[in-house]
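Participant: Sequence:
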Amino acid sequence: MKQSIVDPVDRQLTAYNNHDTDAFVAAYHAAVGIYNFPDELVCNGRDNLRAMYQAIFERAPGINAALTNRIIIQNKVIDEEFVTGRAGKADMRAVAIYEVNEGLITKVYFLKEG
Numbered sequence: 001m002k003q004s005i006v007d008p009v010d011r012q013l014t015a016y017n018n019h020d021t022d023a024f025v026a027a028y029h030a031a032v033g034i035y036n037f038p039d040e041l042v043c044n045g046r047d048n049l050r051a052m053y054q055a056i057f058e059r060a061p062g063i064n065a066a067l068t069n070r071i072i073i074q075n076k077v078i079d080e081e082f083v084t085g086r087a088g089k090a091d092m093r094a095v096a097i098y099e100v101n102e103g104l105i106t107k108v109y110f111l112k113e114g
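Per the numbering used here, numbering of the sequence shown is gapless, rising by one per residue and ending at 114.
It is worth saying that the hints were derived from the structure and are not from the lab. Watch out, some of these pointers could steer you wrong.
[Stated by the list, open to error] Distance ranges between label pairs, derived from CB positions:
hint	residue 1	residue 2	range
1	S4	A87	27 to 37 Å
2	T84	A55	11 to 21 Å
3	A90	A30	11 to 21 Å
4	K89	S4	15 to 25 Å
5	A87	N36	17 to 27 Å
6	K89	L67	14 to 24 Å
7	A90	L67	32 to 42 Å
8	A66	A23	26 to 36 Å
9	G62	E102	31 to 41 Å
[To be verified] Straight-line alpha carbon distances no greater than 30 Å define the calculated DSS-like cross-link-like pairs of lysine-lysine that follow:
hint	residue 1	residue 2
10	K89	K107
11	K76	K107
12	K76	K112
13	K112	K89
14	K76	K89
Don't be surprised by glycine CBs; every beta carbon is placed ideally from N, CA and C.
All chains, please: the whole structure from these sequences, using the hints.
Facilitator: Have a look at this one:
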């Protein structure tokens, strides 16, 4: 396993579950793009990412993502997660495809259920 590819993904998952916005965004490139699969841009840039996830953590203080499966191919980390504590919304399965370059997450594609 290429640890350098996995490191930022693991750091952001830990930070997500700790609701640590600073540590969360530190795993991402300044020009990160977040997409709903296949190509719907939902967030562009670290500043927008910070604002989006700070709001999520405030709105859903119990939110948590449990890693249920992982595939690593080239510079992509594909995680299946089970997300709970979504503030009035049902728990959901999600797949996140993280693209990692030079130790930072540069793109994320989400596929969500629920």
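Participant: So, for every hint listed, does it hold in this structure?
Facilitator: These are the hints, each one checked on the structure:
1. One distance hint, 27 to 37 Å for the beta-carbon pair S4 and A87, holds here, with the actual separation near 34 Å.
2. Roughly 18 Å separates the CB atoms of T84 and A55, a value that falls within the hinted 11 to 21 Å.
3. In this structure, A90 and A30 break the distance hint of 11 to 21 Å, their C-beta atoms being roughly 34 Å apart.
4. Distance hint check: the CB atoms of K89 and S4 are about 34 Å apart, inconsistent with the given range 15 to 25 Å.
5. Against the hinted window of 17 to 27 Å, the Cβ-Cβ separation of A87 and N36 comes to about 19 Å, which satisfies the hint.
6. In this structure, K89 and L67 meet the distance hint of 14 to 24 Å, their C-beta atoms being roughly 20 Å apart.
7. Between A90 and L67 the Cβ separation comes to about 19 Å, which falls outside the hinted range of 32 to 42 Å.
8. Range check, A66 to A23: about 18 Å between beta-carbon atoms, so the 26 to 36 Å window is missed.
9. Taking the beta carbon of each, G62 and E102 are about 34 Å apart, inside 31 to 41 Å as hinted.
10. For the proposed pair K89 and K107, the alpha carbon gap of about 26 Å is at most 30 Å, so the pair holds.
11. Distance hint between K76 and K107 is fulfilled; the C-alpha atoms sit about 10 Å from each other, no more than 30 Å.
12. Taking the CA atoms of K76 and K112, the gap is about 18 Å. The hint holds against a cut of 30 Å.
13. As the CA atoms of K112 and K89 are separated by approximately 13 Å, the hinted pair is consistent with the 30 Å bound.
14. With a C-alpha separation of about 29 Å, the suggested pairing of K76 with K89 holds against the 30 Å cut-off.
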